[in-house]
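Participant: For reference, the chains in residue letters:
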Amino acid sequence: MTMLMRAKDIVGMVVVTLGGDDVAEVRDVVYEPTGGEILGFTLNGRGWLAARKAESLAWAPVVAVGPDAVMIRDDSALDAPADAVAALDEPPSERNVLGAVVLTDTGTRLGTVSDLIVAFDTRAEVVGYEIETAGTPESEHGNATRFLPRPQQLAISGDALLVPDEVEQFFRDDLSGFGAAVDDYRALLRDAR
Amino acid sequence: METFLVVLLLVAIIGAVMFVMTRRRQRSGGVLASKPRTPRPPSDGDAR
Chain D
1 MTMLMRAKDI VGMVVVTLGG DDVAEVRDVV YEPTGGEILG FTLNGRGWLA
51 ARKAESLAWA PVVAVGPDAV MIRDDSALDA PADAVAALDE PPSERNVLGA
101 VVLTDTGTRL GTVSDLIVAF DTRAEVVGYE IETAGTPESE HGNATRFLPR
151 PQQLAISGDA LLVPDEVEQF FRDDLSGFGA AVDDYRALLR DAR
Chain H
1001 METFLVVLLL VAIIGAVMFV MTRRRQRSGG VLASKPRTPR PPSDGDAR
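Chains as they are written, first to last, in my numbering: chain D, 1 to 193; chain H, 1001 to 1048.
No wet-lab data here; the hints were simulated from the structure. Please note that a few of the clues may not be correct.
To be verified - A short, non-exhaustive set of chain H residues, derived as facing chain D with CB atoms under 10 angstroms: (1) 1007; (2) 1012; (3) 1026; (4) 1035.
Where a beta carbon is used, it is the ideal one built from N, C-alpha and C, also for glycine.
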């Protein structure tokens, strides 16, 4: 069964072993923007003032992500940086997409990214973006927050996401219609090939 | 002597506040997009 979750809900989530030890907290969610694949997490120590951990957590050893915790088998899943996925060795901290402006390739400003929607089943994949549309023509629809399927053609800089013009028609007002919008958008891409 | 203690207390308070703020900033996370993979330059071994 596929479960949708906001990426911001994962940030700060506790990492727990199947033995019941809470070993870390999620600091950053790191993903691959073209395929949407979640690569893993950078980590903070447990406790309000604990420092950032040198270890990171790649997606492969994650047993499950629930509403309250990221589950791992044991703390050997926390890789030393040299053994982790390359993007986790040197987290691209200048490429935080939260707050980035979303522009279409025809120059229309769609809003700013307020969150990402992650689908979990056997793998974890970013399927779309939550966009704050305040101050744009989209905000005339009455909703300040809308959902946009993750386009496969996507350019990301530190400040902006550039998306194809056609994704604008797949904007949805809530997550209940969002799964269908993602499917429709993928069908459009298949037909275009 | 009292003045010295008051200054010492103020410095300690300011230091503690700065430590907490720095640590909180270090802990604040986000959602990071990985950089595109740059293709490995061809080596002599690839040509063979």
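Participant: Run every hint past the structure and note whether it holds.
Facilitator: Hint-by-hint comparison with the structure:
1. 1007: violated, 26 angstroms
2. 1012: violated, 16 angstroms
3. 1026: Holds. Min distance 6 angstroms.
4. 1035: With Cβ-Cβ at 5 angstroms, under 10 angstroms, it holds.
Going down the numbered hints, you'll see the structure goes against 1 and 2, while the others check out.
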